[in-house]
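Protein chains in written order, with the working numbering: chain A, 1 to 514; chain B, 1 to 305; chain C, 1 to 359.
Because the hints were derived from the structure by calculation, they are not lab data.
Be aware that a few hints might be false.
[To be verified] Distance windows between CB atoms, simulated: (1) C/Ile352 <-> A/Gly221: 35 to 43 Å; (2) C/Ile352 <-> B/Lys119: 51 to 59 Å; (3) C/Pro192 <-> A/Phe372: 29 to 37 Å; (4) C/Leu194 <-> A/Phe372: 29 to 37 Å; (5) A/Arg487 <-> C/Pro350: 38 to 46 Å; (6) C/Leu213 <-> A/Pro322: 54 to 62 Å.
[Said to hold, decoys possible] Pairs of lysine-lysine residues, derived as DSSO-like cross-links and limited to a Cα-Cα distance of at most 30 Å, are as follows: (7) B/Lys300 <-> B/Lys235; (8) B/Lys55 <-> A/Lys298; (9) B/Lys55 <-> C/Lys40; (10) A/Lys422 <-> A/Lys392.
Positions of the beta carbon are idealized from the N, C-alpha and C atoms, including for glycine.
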Amino acid sequence: MADSPAVVPRLALRGITKRYPGVLANDHVDLDVLPGEIHAVLGENGAGKSTLMKIIYGIVEPDAGAIRWEGEPVQIASPARARKLGIGMVFQHFSLFETLTVADNIRLALEPGQARQLRQRIRDISSRYGLALTPARRVHTMSVGERQRVEIVRCLLQKPRLLIMDEPTSVLTPQATLRLFETLRMLAGGGVSILYISHKLDEIRALCTRATVLRAGRVTGECDPRRETTASLARMMIGGELPHTVHREAPAGAPALRVHRLDVPADDPFGTRLAGISFEVREGEILGIAGVSGNGQKELLAALSGERTLARGDAVTLCGAPVASLDPLARRRLGLAFIPEDRLGRGAVPEMSLADNALLTARGDGNVAHGFIRARSVVAFAKRTIAAFGVKASGPDAVARTLSGGNLQKFIVGREIGQCPKVLIAAQPTWGVDVGAAAQIRQALIDLRERGVAVLVVSEELDELIEICDRLAVIAQGRLSPAKAVRETSAEEIGLLMAGATPRETHAPVVITG
Amino acid sequence: MDTFTQIVVLSLAAGTPLVFAALGELVVEKAGVLNLGVEGLMLVGAVASFIVAAKTGAPWLGVFVGALAAALLSLIFGVIVLTLRANQVATGLALSLFGIGLSAFVGRPYMSVVIEGIKPFAVPVLSDVPVAGKLLFAHNPLVYLSIALFVAVHVFLHRTRSGLVLRAVGESPQSARAIGYPVIAIRYAAVMFGGACAGLGGAFLAVAYTPSWVEGMTAGRGWIALALVVFATWKPWRVMIGAYLFGSVTLAQFQAQAAGAAVPSELLAMLPYLATVIVLAIISRDATAIRLNAPASLGKAYHPE
Amino acid sequence: MKLRLEARPAPSRLAVWAAPLIAALATLAVGFVVFSAFGKNPFAAFDAFFIAPIATRYGVAELFLKASPLMLIATGLAIGYRANVWNIGAEGQLTLGALAGGGVALAFGEREWPAAALLPAMFVAGALAGMLWAAIPAWLRTRFNANEILTSLMLVYVATLLLSWLVHGPWRDPEGYNFPQSKLFAANAMLPILWPETRLNAGLLLALAIVALAWLFVRRHIVGFEMRVAGLSPGAAHYAGISWRRNVWLGMLAGGACAGLAGVSEAAGPIGQLLPSMSPGYGFAAIIVAFVGRLHPAAIVLASLLMSLLYLGGESAQVNLALPSAVTGLFEGTLLFFLLAADVLVNYRPRIARAAKRA
Numbered sequence: 001m002a003d004s005p006a007v008v009p010r011l012a013l014r015g016i017t018k019r020y021p022g023v024l025a026n027d028h029v030d031l032d033v034l035p036g037e038i039h040a041v042l043g044e045n046g047a048g049k050s051t052l053m054k055i056i057y058g059i060v061e062p063d064a065g066a067i068r069w070e071g072e073p074v075q076i077a078s079p080a081r082a083r084k085l086g087i088g089m090v091f092q093h094f095s096l097f098e099t100l101t102v103a104d105n106i107r108l109a110l111e112p113g114q115a116r117q118l119r120q121r122i123r124d125i126s127s128r129y130g131l132a133l134t135p136a137r138r139v140h141t142m143s144v145g146e147r148q149r150v151e152i153v154r155c156l157l158q159k160p161r162l163l164i165m166d167e168p169t170s171v172l173t174p175q176a177t178l179r180l181f182e183t184l185r186m187l188a189g190g191g192v193s194i195l196y197i198s199h200k201l202d203e204i205r206a207l208c209t210r211a212t213v214l215r216a217g218r219v220t221g222e223c224d225p226r227r228e229t230t231a232s233l234a235r236m237m238i239g240g241e242l243p244h245t246v247h248r249e250a251p252a253g254a255p256a257l258r259v260h261r262l263d264v265p266a267d268d269p270f271g272t273r274l275a276g277i278s279f280e281v282r283e284g285e286i287l288g289i290a291g292v293s294g295n296g297q298k299e300l301l302a303a304l305s306g307e308r309t310l311a312r313g314d315a316v317t318l319c320g321a322p323v324a325s326l327d328p329l330a331r332r333r334l335g336l337a338f339i340p341e342d343r344l345g346r347g348a349v350p351e352m353s354l355a356d357n358a359l360l361t362a363r364g365d366g367n368v369a370h371g372f373i374r375a376r377s378v379v380a381f382a383k384r385t386i387a388a389f390g391v392k393a394s395g396p397d398a399v400a401r402t403l404s405g406g407n408l409q410k411f412i413v414g415r416e417i418g419q420c421p422k423v424l425i426a427a428q429p430t431w432g433v434d435v436g437a438a439a440q441i442r443q444a445l446i447d448l449r450e451r452g453v454a455v456l457v458v459s460e461e462l463d464e465l466i467e468i469c470d471r472l473a474v475i476a477q478g479r480l481s482p483a484k485a486v487r488e489t490s491a492e493e494i495g496l497l498m499a500g501a502t503p504r505e506t507h508a509p510v511v512i513t514g
Numbered sequence: 001m002d003t004f005t006q007i008v009v010l011s012l013a014a015g016t017p018l019v020f021a022a023l024g025e026l027v028v029e030k031a032g033v034l035n036l037g038v039e040g041l042m043l044v045g046a047v048a049s050f051i052v053a054a055k056t057g058a059p060w061l062g063v064f065v066g067a068l069a070a071a072l073l074s075l076i077f078g079v080i081v082l083t084l085r086a087n088q089v090a091t092g093l094a095l096s097l098f099g100i101g102l103s104a105f106v107g108r109p110y111m112s113v114v115i116e117g118i119k120p121f122a123v124p125v126l127s128d129v130p131v132a133g134k135l136l137f138a139h140n141p142l143v144y145l146s147i148a149l150f151v152a153v154h155v156f157l158h159r160t161r162s163g164l165v166l167r168a169v170g171e172s173p174q175s176a177r178a179i180g181y182p183v184i185a186i187r188y189a190a191v192m193f194g195g196a197c198a199g200l201g202g203a204f205l206a207v208a209y210t211p212s213w214v215e216g217m218t219a220g221r222g223w224i225a226l227a228l229v230v231f232a233t234w235k236p237w238r239v240m241i242g243a244y245l246f247g248s249v250t251l252a253q254f255q256a257q258a259a260g261a262a263v264p265s266e267l268l269a270m271l272p273y274l275a276t277v278i279v280l281a282i283i284s285r286d287a288t289a290i291r292l293n294a295p296a297s298l299g300k301a302y303h304p305e
Numbered sequence: 001m002k003l004r005l006e007a008r009p010a011p012s013r014l015a016v017w018a019a020p021l022i023a024a025l026a027t028l029a030v031g032f033v034v035f036s037a038f039g040k041n042p043f044a045a046f047d048a049f050f051i052a053p054i055a056t057r058y059g060v061a062e063l064f065l066k067a068s069p070l071m072l073i074a075t076g077l078a079i080g081y082r083a084n085v086w087n088i089g090a091e092g093q094l095t096l097g098a099l100a101g102g103g104v105a106l107a108f109g110e111r112e113w114p115a116a117a118l119l120p121a122m123f124v125a126g127a128l129a130g131m132l133w134a135a136i137p138a139w140l141r142t143r144f145n146a147n148e149i150l151t152s153l154m155l156v157y158v159a160t161l162l163l164s165w166l167v168h169g170p171w172r173d174p175e176g177y178n179f180p181q182s183k184l185f186a187a188n189a190m191l192p193i194l195w196p197e198t199r200l201n202a203g204l205l206l207a208l209a210i211v212a213l214a215w216l217f218v219r220r221h222i223v224g225f226e227m228r229v230a231g232l233s234p235g236a237a238h239y240a241g242i243s244w245r246r247n248v249w250l251g252m253l254a255g256g257a258c259a260g261l262a263g264v265s266e267a268a269g270p271i272g273q274l275l276p277s278m279s280p281g282y283g284f285a286a287i288i289v290a291f292v293g294r295l296h297p298a299a300i301v302l303a304s305l306l307m308s309l310l311y312l313g314g315e316s317a318q319v320n321l322a323l324p325s326a327v328t329g330l331f332e333g334t335l336l337f338f339l340l341a342a343d344v345l346v347n348y349r350p351r352i353a354r355a356a357k358r359a
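Same shape as in the complex, but just chain A:
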């Protein structure tokens, strides 16, 4: 709590409540943020953090509750009003306009009268806080880390007194994360309050001085994260212990998936070219590919799943058979399964039932005969998947979009595993999924490995990869580092590899911390 009772909180929320159809996103939330404080809002996916921030920034109106700004009651009816009060927000999914320049993007967020001498002011702020930017560049040519800088500079130009950062490090390398922390400490030192939304416990303990914990829309705790352990924070966040995954040592077998000198040109102007990628995944092992998004993961996954076919058939081989020129269905018949990173709109059709979604990829097992669908077989498959993975749904008829993120992901994982593949590829398997389901999914991957399946996991969550993988490689700028056993490497080394091939990142000015 505040050291001196006379300090007026910069922002005070009392009893904020917001309901959406089927879910209570915020339930009588109270929150105090003091001037110059870096205040974490901690909670797992779905706890209500984003909704709360949208309320503070005026995008969404609360159903009930009061907001006080520097002691005075206020109504924040729109983002413009929030900005006038002095609140700035850096979104998790950037709100930038790709084909416009940096300067135009920033201009749009300012009031018409404030845009004078914009380019010079952008340059001033960039150099003061160590956020290198070129005002005339178009956003679509910039990396993810650079785009975040645009978002931050856009906020800083309006001299905010409260800055909200929504999951900012999900797109950064470990080194870039440290630089961001330095910037934030500089701002806090100058009196700016910072609301830092995250589910990454180690970062919060390193950066923040106060934390409010949300679970299922309610505040379940308040603390000084510097005095807590990861375990105690986790307990407040999920109401229990962080689940552990169980590993057993098992020798790996013959290579089941081999990629040899894969060269793939980017097929759209915003993509990444793959150059000379080679690796193999053996039976009974989990290989992880780490990397910041936008470094070629999408292109690599497309080449592996069959969504992109290549002329050189042996660039990718599955249990010895060349598959690089085959489409996804043909590869599945040879024993490949694939969990894509987007659930709705890729892994599953949102408007279709779970049974129909099962048929999306599960064409074997007697589900299809002579081109005709055998409905009973499909429904049985869906039922088995739902039962085996504990998917909370009303049944195989449940429409996919009514399921929570975690449950739908479990269904998709179960559908792919249920086809008894020889090779399983998983992209961001636990993104946006609650902690319980995430643990279940990770365990399922490990169990699969023990049954002798070759598993490839492509993910941005380094912690997850370190936890479940046997070997790890890093993809950066379309190139792949050699895979090393997890025991023989460290987060720092991997972080360097993630940033290593991006010269712009390493040449950014280093800011001396106070």
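Got chain A sorted already, so can you dock chains B and C onto it with the hints?
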């Protein structure tokens, strides 16, 4: 007037309905909305302007009412697509079918009515300049209006803050909303502007180009205007070039007939439509150019929250 | 207090079936207003428009006669629409089908071929011609990424001009007093009549057969399923390895074939020859039938009957109420508008929003 001047002047006039309709649709699409109802809007503009001109003897009043009528009709499209969140393609088609039906229904009694239309206007002094005079200064007033519209649209989109905001809305309505812009209101305004322009295009046909009302007199120009916007990769100056090129193709059939060519008139009349198909194929082929220039949210449903 | 739209967690099945009904009723209400505005007694007009045309045996036969090309074309179009393949050129494909079938009829009708051989030949020619006309936009889309709405539509104008040229020129009946029309088809080139003393012919049976086949394909066949996936979620279709090119070809060709068959039905049925206009806009009306019928074969049959009634009503209104027959087109467009508007209820619930309580 010598032949070359005549061809140029007639091509400009023939392309003018396309200029109006395509410029209007360009603004609509820049805001991220695909309105396939241009054909119906043009016909409604045509019939409304004709009826008013016939009843009041004031063709300019007719032009104004034609634009207004089409703008109001496009408001229905706006409500269904922007507020009720219906599929833009289906609603646009519905608008065209409705406009075609409505104009045929309302215009039936006026099928053989004759009016005094808006004639080409020779600017005093300037039009007497040798060579350039008749080429540049003896057009129909609505042709001049269409060129003024081009300048206005270009300046608006690329030199004003409001134009920047509209382009941002077409690029990413979610981001625009996150910053606080009223995406839906901006799109309504764009849709109605596009409707008014299409109405002007139809009014030009009925009250100036061939002063008369015939059912379906736009003969597909609304659809061609849609293709023109793609052909122009959403740049106003390219719309102008395309529109006048199409104008000259339309003329080709008359020129060929006048020159006594042995080709049947129906086959010549196919030229503008076949040209549209070919042009669309050529321009759509360059997927990169389309990707970089097409408003990213074009045609996609937008759901706030 | 204001009206807000709240997203439903799951689509409302009730609204899916109620929306077309709501749209039909709303269109009727508009009809009342239009009739009153033109000084006609709305109830007398309603009777003249909707009841009188089907009050006789002949009228019912006409209802089914007009419904048959509508349901046939709409069924074909729906296969494509399910996969987001927008064939808008059915009117042109119908014209080409009529041309091809008519060409076969004119060429071989005089030669005493038995109808059992000639009619199938005409229909095959018509279907192929319709497919050819639809193949052009399909090819342009898969090869050049050209929007199929605009290309298929442009070809409608080309098809109409082609037909016009033929009946004014090379195929004109030499004994036809210089009217733009072809010779009348010989008896062995005409569809047999199903119901004596009416014009209802065997084309209806063909249409129903196609509807049944389409139902089987869409509900039970894996390709039908895949096309539905592609329409709902192109990303998921790509993930599942469903070829979008194949979907475009199938979608366009299905519509083209059905429209071509419908064209032959008209030529070998109520028209009996080739004229500059072979259809009162069936190709476009079928688009509306497809939507009102929710792309579902059984509902399409019902929707085609409704649309057919609108056509008959328009003709009746012209005779009995002195209203232009274009009133049909007006009602068609209105019906589709209301359907699209009512569709909002499938995914959204209207709510009166109160201002947030402030503590």
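To see whether the hints hold, each was checked on the structure:
no.: 1; hint: C/Ile352 <-> A/Gly221: 35 to 43 Å; in the structure: holds (38 Å)
no.: 2; hint: C/Ile352 <-> B/Lys119: 51 to 59 Å; in the structure: holds (56 Å)
no.: 3; hint: C/Pro192 <-> A/Phe372: 29 to 37 Å; in the structure: holds (34 Å)
no.: 4; hint: C/Leu194 <-> A/Phe372: 29 to 37 Å; in the structure: holds (32 Å)
no.: 5; hint: A/Arg487 <-> C/Pro350: 38 to 46 Å; in the structure: violated (60 Å)
no.: 6; hint: C/Leu213 <-> A/Pro322: 54 to 62 Å; in the structure: violated (39 Å)
no.: 7; hint: B/Lys300 <-> B/Lys235; in the structure: holds (21 Å)
no.: 8; hint: B/Lys55 <-> A/Lys298; in the structure: violated (64 Å)
no.: 9; hint: B/Lys55 <-> C/Lys40; in the structure: holds (23 Å)
no.: 10; hint: A/Lys422 <-> A/Lys392; in the structure: holds (28 Å)
Hint compliance for this structure: hints 5, 6, 8 are broken, all remaining hints hold.
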